[in-house]
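Student: For the protein sequence lines, the chains are A and B, in the order given. Its first residue numbered 1, the first sequence is counted upward by one per residue in this note's numbering. Its first residue numbered 1, the second sequence is counted upward by one per residue in this note's numbering.
Any given hint could turn out to be false.
[Stated by the list, open to error] Distance condition first, Cα-Cα at most 25 Å in a straight line; then the derived DSS-like pairs of lysine-lysine:
#1 B:K78 x A:K65
#2 A:K52 x B:K78
#3 B:K81 x A:K74
#4 B:K62 x A:K81
#5 B:K62 x B:K127
#6 A:K74 x B:K62
#7 B:K105 x B:K62
#8 B:K120 x B:K130
#9 B:K81 x B:K62
#10 B:K105 x B:K130
#11 A:K133 x A:K65
#12 B:K81 x B:K127
#13 A:K65 x A:K144
#14 B:K122 x B:K158
#15 A:K144 x B:K158
#16 A:K52 x B:K158
#17 A:K52 x B:K81
#18 A:K52 x A:K125
#19 B:K78 x B:K122
#20 A:K144 x A:K133
#21 A:K125 x A:K115
#22 A:K81 x A:K125
#23 B:K45 x B:K78
#24 A:K74 x A:K52
#25 B:K111 x B:K130
#26 A:K65 x A:K81
#27 B:K78 x A:K74
[Claimed, not checked] Computed footprint of chain A on chain B; a stretch qualifies when at least three of its residues, placed anywhere within it, have a C-beta under 8 Å from a C-beta of chain A:
#28 42 to 49
#29 56 to 64
#30 134 to 145
Hints in this document: simulated from the structure, not taken from any laboratory. Don't be surprised by glycine CBs; every beta carbon is placed ideally from N, CA and C.
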Amino acid sequence: MKHLKQICLLLVLTFAVTSFAQDAAKPAASPAPQPAPTIALVIDREVSIIEKQLVDAAEAMPEDKFNFTPESMKIPGSDYKTVRTFAQEVKHVATVNFMLWSPLTGEKPPVDINKGNGPDSMTSKADIVKYLKDSYALGHRAAKSMTAENVVAMVPSPFGAGQISRLFCATFAVSHAFDHYGQSVEYLRMNGIVPPASRPQN
Amino acid sequence: MTLARTFCFLLIMTFAASAFSQGAAKPPADSANVPVATIVDNELKIAEREFVSAAEAMPEDKFNFAPASLNIPGSEYKGVKTFAEEIKHVATTNYEFYSAILGEKPPVDTKEDNGPATIKSKADIIKFLKDSFAMGHRACLSLTNENMGQNVPVGEGKTTRLFLATFATAHAFDHYGQVVEYLRMNGIIPPASRPQQKK
Chain A
1 MKHLKQICLL
11 LVLTFAVTSF
21 AQDAAKPAAS
31 PAPQPAPTIA
41 LVIDREVSII
51 EKQLVDAAEA
61 MPEDKFNFTP
71 ESMKIPGSDY
81 KTVRTFAQEV
91 KHVATVNFML
101 WSPLTGEKPP
111 VDINKGNGPD
121 SMTSKADIVK
131 YLKDSYALGH
141 RAAKSMTAEN
151 VVAMVPSPFG
161 AGQISRLFCA
171 TFAVSHAFDH
181 YGQSVEYLRM
191 NGIVPPASRP
201 QN
Chain B
1 MTLARTFCFL
11 LIMTFAASAF
21 SQGAAKPPAD
31 SANVPVATIV
41 DNELKIAERE
51 FVSAAEAMPE
61 DKFNFAPASL
71 NIPGSEYKGV
81 KTFAEEIKHV
91 ATTNYEFYSA
101 ILGEKPPVDT
111 KEDNGPATIK
121 SKADIIKFLK
131 DSFAMGHRAC
141 LSLTNENMGQ
151 NVPVGEGKTT
161 RLFLATFATA
171 HAFDHYGQVV
181 EYLRMNGIIP
191 PASRPQQKK
C-alpha cells in the first residue's frame, strides 16, 4: 500500500540511526565510517517488514470473514472465478514460506505442504495465524543463517528437481508474500477494513 | 493468483535447471558459482514480467480506474491509488532505489510518490515502468559479493545495495497483488494467472 515505501524508508532510517548510535558508543577521535550490516541482518529486516504487515492484516480480518472470496460479492463485470479465499491466501503464503526457508536451516517443513496450500484441516483463524507466525519464526532463523559467503550456495529445490540459491530462497519468499499481501489488503478493503499498515500513523 | 505461482515456480525451475546443468558440467563445488547479480536479477525479471503484462492488459480507458468507483457495499476504498497511480508509484520507487544502488541521479523527482503528473497516457506510463525496470537490471547486475553489503544513501538515510535491490522487487510485488485485483474487478484475468498453453 501507499505507506510501504515510507515504512521501508523509516526502517532504513531506524537502522541507520541504530548503526550510528552504536558507532557513537565507541571511543572514536573522528567520525568513523558507518559499519555495513551483516547480510543476515539485511535479510532479517526484510522478513520483519513483511511479517509485520501480513500478520497484522490477517489479524485484522474477523474470523467469520476468513472464508471470504471476492467472487461472493458478485461485482458486475468482474472475474473472480476460483480465486483463493482470505484463509487460503494466508495459508498459501505460510506454506511457501516453509518451503523456501526450510532448505536454508535444514529443517523439515512441519506440516503437509499440500501443493503449496497447506493443511486442509486447518480452518480456524487462531490456527491459521499461528501457522503464519510460525513460518516467520522459521524465516528469522533462515535469515540469521545467511552470510556473505553462503548466499550463493545452492540447496535442493523445494519444488522438484534441481537446485536454487540460498539467496533466492531467502528473498523471494518475501516477494512472494508481498504479492499475496497486496491481494489480501484488497480483500480487507472489500469488507470495509483499512489494512493496519495503511491506517494514519500517530 | 492461482497460476501466478505456477508461473513463478516455472521460472524458478528454469533457473534451477539451468544452474543445475551448469553445475553438472563442472565439479560439484562449482555449482555454487551463480553470481549474486544473476540471482537478484532473476527475481527482478519475474516481477517485471508479471507487472508489465498486467499493466498492458488494462485498457487505456480504465487506467484511471479506482475501486472506490464501484461503490461496493460496505467497502472502504477512500483515497486509494488509481490503476495508473499504482504503476507510476512502482516505477518511481524503482527509480529511487535503483539510482541509489548505481549512484546515479534519479531521472525523475522521486519525492512525488506517484511520479510526474505529466505522464498520463497508457503508452507513456508503460514506457515509464519499463524504463524503471531497465534501470533495475543495470542495478542488479552491478551487485557483487563485495559491494552488496555496502551502505549507500537513499532518501534521508542509508541502507545496503542488497536491501534496495531485493526490496524493490518485493515492493513491486505488493502493488502487483493490488493491481491484479483491479484487473479482476474489470473482468480481466491477469496474464500470469491465465491457463498456460501446452507446448
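Student: Does each hint hold? Answer for all of them.
Tutor: Going down the list of hints, with the structure as the test:
no.	hint	result
1	B:K78 x A:K65	holds, 21 Å
2	A:K52 x B:K78	holds, 23 Å
3	B:K81 x A:K74	holds, 22 Å
4	B:K62 x A:K81	holds, 21 Å
5	B:K62 x B:K127	holds, 17 Å
6	A:K74 x B:K62	holds, 20 Å
7	B:K105 x B:K62	violated, 32 Å
8	B:K120 x B:K130	holds, 15 Å
9	B:K81 x B:K62	holds, 13 Å
10	B:K105 x B:K130	holds, 18 Å
11	A:K133 x A:K65	holds, 19 Å
12	B:K81 x B:K127	holds, 19 Å
13	A:K65 x A:K144	violated, 35 Å
14	B:K122 x B:K158	violated, 34 Å
15	A:K144 x B:K158	holds, 21 Å
16	A:K52 x B:K158	holds, 22 Å
17	A:K52 x B:K81	holds, 22 Å
18	A:K52 x A:K125	holds, 17 Å
19	B:K78 x B:K122	holds, 24 Å
20	A:K144 x A:K133	holds, 17 Å
21	A:K125 x A:K115	holds, 21 Å
22	A:K81 x A:K125	holds, 24 Å
23	B:K45 x B:K78	violated, 32 Å
24	A:K74 x A:K52	violated, 31 Å
25	B:K111 x B:K130	holds, 20 Å
26	A:K65 x A:K81	holds, 18 Å
27	B:K78 x A:K74	holds, 21 Å
28	42 to 49	holds (count 4)
29	56 to 64	violated (count 0)
30	134 to 145	violated (count 1)
Of the numbered hints stated above, those contradicted by the structure are hints 7, 13, 14, 23, 24, 29 and 30, listed in ascending order.
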